[in-house]
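Peer 1: In the working numbering, each residue's number is its place in the sequence shown (first place is 1) plus 97.
Worth flagging that the hints you see were computed from the coordinates, not collected in a lab. These numbers come from a predicted model, not from an experiment. One or more hints might be untrue.
[Claimed, not checked] Beta-carbon label-pair distances, calculated as ranges:
#1 LYS364 / ASN209: 24 to 34 Å
#2 ASP360 / GLU447: 47 to 57 Å
#3 HIS402 / GLY343: 30 to 40 Å
[To be verified] Simulated pairs of lysine-lysine, DSS-like, Cα-Cα distance not exceeding 25 Å:
#4 LYS364 / LYS150
#5 LYS186 / LYS465
#6 LYS301 / LYS481
#7 LYS470 / LYS446
#8 LYS493 / LYS446
#9 LYS465 / LYS446
#10 LYS465 / LYS228
#11 LYS456 / LYS286
#12 LYS356 / LYS150
#13 LYS388 / LYS481
#14 LYS281 / LYS145
#15 LYS228 / LYS263
#16 LYS382 / LYS153
#17 LYS468 / LYS451
#18 LYS493 / LYS481
#19 LYS456 / LYS281
#20 LYS465 / LYS493
#21 LYS201 / LYS228
#22 LYS496 / LYS281
#23 LYS275 / LYS262
#24 LYS145 / LYS338
Even glycine gets a Cβ: it sits at the ideal position worked out from N, Cα and C.
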Amino acid sequence: MKLNQTLELKLKTSLNLLLKQQVEVLTLPVQELERIINEEVLINPFVKGIFRKIPKSFYTTEEFTYEVPYEPGELETLEQNVRIEFRGKERDISLELLRYIDEKGFLREDINKVAEELGISVHSLEEIRRKLMRLEPVGICSRDVWEFLEVQIEEVYPEEAEELKKALFQFRETGKIKAELKEKLSRLKLSPITPRGENVRLYKVDAVIEEEEGELRYYLYEEFIDLDLNEEYWELYRTSKGKVKGYLKEALEKYETIKKALDIRRKNLREILRIIVQKQEGFLKGKDTLKTLTIREVSEKLGIHESTVSRIVNSKYVKTPVGTYPLRFFFVREAVEGTSQEEILTLIKEIIEKEDKRKPLSDEEIAKILKSKGVNVARRTVTKYREVLGIPPSRKRRKKG
């Protein structure tokens, strides 16, 4: 059998440094891993790729970047804020209330019917709904677009709220409005949640955690992909000589490298998920905040180096019952100088709520304010906690006018 020289050249140059070093395969996000395997199937005669049917739960329309943390969607952000802002029955009712909204974020059921189904008075439910409407993103659970516009006016233009609400009422009644007021109102959104277009792009997550009958179960993307050895080329390798033998030997070694690395990745990622589910069960069920969990703690339980654990959790995303997060999100250090994570989250939220929206605070500035309050945290810690709260960075919080 005569092997094409071009194919031989491709084989030698196709795999980057990550695949030449087994442990580096651990760092690949699932999208990149699948691409690399597909390429190897095309150029390596020993590799037969196995791709089973991937469950729908592994797909999301949220676009991932692998250098910056995952930015949650609007509804997911609200759910995170509900868990931070509310407690007990009020939190439970708030989360239940979200089941009654439509795809644009408006309350689709009559408030009296919802109150009856949730076993709460209309007055109490209305109080919770109005609090919910003030969380970020603003206006979810509004009864209609007019109520939503009023809430936005109060949040975006607090000093001109009364004048703008009167103008809005006039416009609703007569269809007429002053040009300068119309320009300001035109900046407001028409729905609490921005509907996605029909042609959305799907992205894959590395793992899924689901709650079934009160039990948390977890699944890996790698459980649906694998590599098989092409037996025909194995026989050829055994009987070949010279350059053909050398070429096939290199191809076989690369197959074995990928195969072994994939097995290591699958085994350790599953163990890490098991520890996360066990440690963060309360959070994953929406009943508690994150508990302390460190890379060192996991490395000791698995008997592998801390750097290996760090590589595995880097750039991986997991879809859970309470949202989609980077895997590293679930690793939380102990409280800072006696201040709990929950207290720090609350302080950061309060600082951002009181900031000048025209000149929002950077994470570095927030860290300095916290330090003045006796809470000594680094800027990167503020960044992480701000992301937990679902609050965007300062450049995205800035408001004109």
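Peer 1: All the hints need checking, so say for each whether the structure fits it.
Peer 2: Right, here's what the structure says about each hint:
1. Range check, LYS364 to ASN209: Cβ separation about 54 Å, and the 24 to 34 Å hint is violated.
2. Separation of ASP360 from GLU447 is about 48 Å and conforms to the stated range, judged on CB atoms against 47 to 57 Å.
3. At roughly 34 Å, the beta carbons of HIS402 and GLY343 sit within the given window of 30 to 40 Å.
4. With a CA separation close to 20 Å, the supplied pair LYS364 and LYS150 stays within the 25 Å bound.
5. In summary, the hint linking LYS186 to LYS465 is not supported, as the alpha carbons are separated by about 35 Å, beyond the 25 Å threshold.
6. This hinted pair checks out: LYS301 and LYS481 have alpha carbons roughly 23 Å apart, not beyond 25 Å.
7. At roughly 14 Å between alpha-carbon atoms, LYS470 and LYS446 fall within 25 Å of each other, so this suggested pair holds.
8. The straight-line distance between the Cα atoms of LYS493 and LYS446 is roughly 16 Å, inside the 25 Å bound, and the hint therefore holds.
9. Straight-line distance between C-alpha atoms of LYS465 and LYS446 comes to about 15 Å, which keeps the hinted pair within the 25 Å bound.
10. About 30 Å separates the Cα atoms of LYS465 and LYS228, which puts this hinted pair outside 25 Å; it is violated.
11. For a cut-off of 25 Å, the pair hint linking LYS456 to LYS286 stands: about 21 Å separates their Cα positions.
12. Taking the CA atoms of LYS356 and LYS150, the gap is near 20 Å; set against the 25 Å cutoff, the hint holds.
13. Proximity of LYS388 to LYS481 is assessed by CA-CA distance (about 15 Å); at most 25 Å being required, the pair is judged to hold.
14. A distance of roughly 60 Å separates the Cα atoms of LYS281 and LYS145; the hinted pair therefore is violated under the 25 Å criterion.
15. Only pairs whose Cα atoms come within 25 Å are accepted, and LYS228 paired with LYS263 is accepted, the gap being roughly 23 Å.
16. Note on LYS382 and LYS153: the hinted pairing holds, with a Cα-Cα distance of about 21 Å set against a maximum of 25 Å.
17. Note on LYS468 and LYS451: the hinted pairing holds, with a Cα-Cα distance of about 17 Å set against a maximum of 25 Å.
18. At roughly 16 Å between alpha-carbon atoms, LYS493 and LYS481 fall within 25 Å of each other, so this suggested pair holds.
19. Between LYS456 and LYS281 the alpha-carbon distance is near 19 Å, which keeps this suggested pair within the 25 Å criterion.
20. Restraint check for LYS465 and LYS493: the C-alpha separation of about 21 Å stays at or below 25 Å, so the hint holds.
21. Among the hinted pairs, LYS201 with LYS228 is consistent with the structure: their alpha-carbon atoms are about 19 Å apart, no more than 25 Å.
22. A hinted pair counts as satisfied when its Cα atoms are at most 25 Å apart, and LYS496 with LYS281 qualifies at roughly 12 Å.
23. Note on LYS275 and LYS262: the hinted pairing holds, with a Cα-Cα distance of about 13 Å set against a maximum of 25 Å.
24. Of the pairs offered as hints, the one joining LYS145 and LYS338 holds, with about 23 Å between alpha carbons and a cut-off of 25 Å not exceeded.
Hint violations for this structure: numbers 1, 5, 10 and 14, all remaining hints satisfied.
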